[in-house]
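Undergrad: As given, the protein sequences belong to chains A and B, one line each in that order.
Each position in the first sequence, counted from 1, maps to that position plus 905 in our numbering.
Each position in the second sequence, counted from 1, maps to that position plus 136 in our numbering.
Take these hints with a grain of salt, some might be off.
What the hints assert, rightly or not - If you only want the chain B side, here are some residues facing chain A, beta carbon under 10 Å, derived:
1) Arg241
2) Gly284
3) Trp285
4) Leu427
Said to hold, decoys possible - Just the calculated beta-carbon pair ranges, DEER-fashion:
5) Val1324/A to Ala409/B: 18 to 24 Å
6) Asp1009/A to Glu232/B: 42 to 48 Å
7) Gly1225/A to Gly518/B: 28 to 34 Å
8) Phe356/B to Asp1081/A: 26 to 32 Å
9) Glu289/B to Thr1255/A: 51 to 57 Å
10) Met1004/A to Arg327/B: 50 to 56 Å
11) Glu1103/A to Glu232/B: 42 to 48 Å
12) Gln549/B to Glu1321/A: 18 to 24 Å
13) Gly1225/A to Ala190/B: 50 to 56 Å
14) Leu305/B to Arg1102/A: 50 to 56 Å
To be verified - List of simulated lysine-lysine pairs, DSSO-like, C-alpha gap at most 27 Å:
15) Lys1223/A to Lys552/B
16) Lys333/B to Lys349/B
17) Lys325/B to Lys1337/A
18) Lys325/B to Lys1224/A
19) Lys1325/A to Lys412/B
In case anyone wonders, no lab produced these hints; they're calculated from the structure.
Computed from a prediction, not measured in an experiment: that's the story for all the values here.
Heads up, the beta-carbon is just placed ideally off N, CA and C, and yes, glycines get one too.
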Amino acid sequence: MDRRKFLRGFLLAPLAAFAAGEVTVIRNAKILTVTKGSFDGSILIRDGKIAEVGPTVTAPADARIIDAGGQYVMPGIIDCHSHIGTEAVNEGTVTVSSMTGIEDTVDPEAIGIYRALAGGVTTANILHGSANAIGGKNVVIKMRWGKGAPEILLEGATPGIKFALGENPKRRGGGDSGLGGRLRYPATRMGVEDVIREAFTDARAYKAAWDDYRTRAAKGERLIAPRRDLKLEPLVEVLEGKRHVHAHCYRADEILMLLRVADEFGFKIRTLQHVLEGYKVAKEIKEHGAGASTFSDWWSYKMEAFDAIPYNAALMHKKGVLVSLNSDDAEMMRHLNQEAAKTIRYGGLTDVEALALITINPARQLAIDNRVGSIEAGKDADLVIYDKHPLSNYAKVQKVFIDGEMYFDRDKDMSERAVKAARRRQLTEKQKAAAAPARPAGGGRRPQ
Amino acid sequence: MRVLGLLVAVAAFAADDSFVLRNVTIHPVTSASIPNGTLVVTDGKIAAFGARVAAPKSAKVIDGKGQHVYPGLIDSASNIGMAEVSSVRETSDLVELGDFNPQLRAVVAINPSSDHIPVTRGNGITTSLIYPGGGIIGGQAALVHLDGWTWEEMAIERNVTMQMRMPTLTTGTFSSTFGAGRRPFAETKRRYEERLKLLSDFFEQARAYQRRKAAGGAGFVLDRRLDAMLPILEGKASLMIFAPRERAVKDALAFGAKENVKIVLAGVREAGAAVKEIAEKRIPVILGETLELPLEEDSPYDSAFTLPAELHKAGVTFAFGTFSVQFARNLPFQAANAVAFGLPYEEALRAVTINAAKIWGVDSRIGSIEAGKWADLILTDGDPLEARSQVKQMWIQGRPVSLETRHTKLYDQFGKRPN
Chain A
906 MDRRKFLRGF
916 LLAPLAAFAA
926 GEVTVIRNAK
936 ILTVTKGSFD
946 GSILIRDGKI
956 AEVGPTVTAP
966 ADARIIDAGG
976 QYVMPGIIDC
986 HSHIGTEAVN
996 EGTVTVSSMT
1006 GIEDTVDPEA
1016 IGIYRALAGG
1026 VTTANILHGS
1036 ANAIGGKNVV
1046 IKMRWGKGAP
1056 EILLEGATPG
1066 IKFALGENPK
1076 RRGGGDSGLG
1086 GRLRYPATRM
1096 GVEDVIREAF
1106 TDARAYKAAW
1116 DDYRTRAAKG
1126 ERLIAPRRDL
1136 KLEPLVEVLE
1146 GKRHVHAHCY
1156 RADEILMLLR
1166 VADEFGFKIR
1176 TLQHVLEGYK
1186 VAKEIKEHGA
1196 GASTFSDWWS
1206 YKMEAFDAIP
1216 YNAALMHKKG
1226 VLVSLNSDDA
1236 EMMRHLNQEA
1246 AKTIRYGGLT
1256 DVEALALITI
1266 NPARQLAIDN
1276 RVGSIEAGKD
1286 ADLVIYDKHP
1296 LSNYAKVQKV
1306 FIDGEMYFDR
1316 DKDMSERAVK
1326 AARRRQLTEK
1336 QKAAAAPARP
1346 AGGGRRPQ
Chain B
137 MRVLGLLVAV
147 AAFAADDSFV
157 LRNVTIHPVT
167 SASIPNGTLV
177 VTDGKIAAFG
187 ARVAAPKSAK
197 VIDGKGQHVY
207 PGLIDSASNI
217 GMAEVSSVRE
227 TSDLVELGDF
237 NPQLRAVVAI
247 NPSSDHIPVT
257 RGNGITTSLI
267 YPGGGIIGGQ
277 AALVHLDGWT
287 WEEMAIERNV
297 TMQMRMPTLT
307 TGTFSSTFGA
317 GRRPFAETKR
327 RYEERLKLLS
337 DFFEQARAYQ
347 RRKAAGGAGF
357 VLDRRLDAML
367 PILEGKASLM
377 IFAPRERAVK
387 DALAFGAKEN
397 VKIVLAGVRE
407 AGAAVKEIAE
417 KRIPVILGET
427 LELPLEEDSP
437 YDSAFTLPAE
447 LHKAGVTFAF
457 GTFSVQFARN
467 LPFQAANAVA
477 FGLPYEEALR
487 AVTINAAKIW
497 GVDSRIGSIE
507 AGKWADLILT
517 DGDPLEARSQ
527 VKQMWIQGRP
537 VSLETRHTKL
547 YDQFGKRPN
């Protein structure tokens, strides 16, 4: 058994498998519901759902009790932009890669999932990269560490697709394209618009061909179906409102361009991702109805990020845009609560508004707010216990529940460290003795 | 006029920029906090502070409104002013060609008009150690105030330490085309040994030069590159050695001992068994970003978060550095995160104030609120290490410094756009 297999076995052992019908009560907690106020009380969990929440709850005598010891409980954090657990992020050789899907690359055993849990994240939008004007399909996952690939997908989440504007998709059109000296269209923001417009012109024609075929076939006509096009099918779903568009963007001009192209073709941009100059066109974003998912304070790492301001989230929120904060980074994902706290410094949001940026707002953006994003009866019991107020930089995650199951417990993590370290040493020695080749380390930072 | 007559001695002492900060909680860092205190600044220096202090009547009075005053924060490693947009080469002066450039001076490449300077100041940072990158010996780092019309005015110490990067055994590679990759171990090891040899040879050359210079004589020719090494060889200046991993830390300690030079370890991400030696030899450490991923897939998830507490328990003196341009403003949050994971709060605050000043040999001038020190001060509505607090005012050498930034300006400008 190699070191990695051993660790998987160790870490992946479920912490608390709950039988159906079992009831858990988290009591003695400072509850931050995000949508229904904050108070001292209890949460009753039945069948993985929040059954009751309030200053007191009616618990059956045999309920499993978790005493929060006066600590804080908030909804599980939702990261609207992440690439953890993916074996591949970008299919960068083509301009439109809508035929690809992140679902095919998700590794449920990636350590990034456990680390995200340890940072209070329970749900994430796992996106394709930004090398193409129209990129691949995304998936929404829950950090059900220890479960298989099908089980970590959030069942019933609306499918989506990544778009990308600006420097990233045009990078391969000039300089060191990364394509062995060859250049790939587009090289400018004009070209990016053209690629999107062309793709949707094709998609519209493709949809018309299928609509026509279906109408005539339904009338009993015998005819040959149009040839399937796996690149255009997801775009037809976009036109039909069945697939969400998550568009990577930076500058105000390109944001406006995309909104207008979408308006013209009659579809909605579900979320603008990064959207660092969103504050300049908040009015237009609000009118279109797009959500905005941004960084707390990243700026100046590239030219199109030079007008990025840490007030972006607060300013867009004040102008009526539905805003969330995301990480796009396996490390920052682990302290999105601290990132949310920055919107109090930069822009004067209230505690509840700040917490909403990483809970209910991203849930609404992903249309999963019927399931997650706040502590309300009927929602999934995705909860995080912090030792201090989660907007304090001194707070750390103690326990994390998803569907009522405990997936992270800091006490357990700490108590197992000595055993793991000893086993690790043993296996390292064994590996050295066998002179096995080094294994690549995982979980590194990704480029934007 | 009558007042002047009464306060002849004080008035002579009090220049126009004197001020009195009243009704504030004073956090001197090197002594206990004083609630509802008064602080007097004259000639850019802290003249007095306490619960009850006599203030010159000519001085301007600022009511702190129950807020807090702290010494300005110190970032012990950053690159602000040397690069503006990190991915645009034309805006970056960080990395020079060549492996050994001890003669290079970071101070001359600090752009006093960089937008990063006010942005960093906005979070309470008044002083930064700015180092050059590249090669094995990158050049001379400068300790500067984040205010000044020119780099000369900004400089506290133009040559505070020499930046050096310990050759490492890193097999990981990264390219924009192929992403993360691995170099074969044998090749990595050969490259590592070659670079260690280059380093050793360079020091040998420098010592030979030192002897030639001491001997003098007609044949002596000035070599600016080797000449820049003399303060290091003479123990008058330190080498700030970047050593991220335990092996590099051990190599750096061995190197420092072998060459008999003063070292400061920097960018340390794990200390492991070397922590004892670091403590015993009293080698200062500049900790890198604490908000980092663990180095190994199977390391504890919080290994980067707990490193400061680990060093503190072992008795190591350390300060925090951001090693960054765009994240330099997050220095206080880096310190706070270490507190969440076991570092006592007072030590976190010391690591961004007095301990940093001591490590860089400027603690007689900055790093705490003490009479006679420069008035590098921040006025806050709460704990400056918490993101939720606000920095309300700042003074550097007693001068009020604007907290307006590129970001506040854009915020104001676009906040006014009609709906």
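Undergrad: Kindly indicate which numbered hints from before are broken by the structure, ordering the numbers from low to high.
TA: 1, 2, 3, 8, 9, 10, 12, 18
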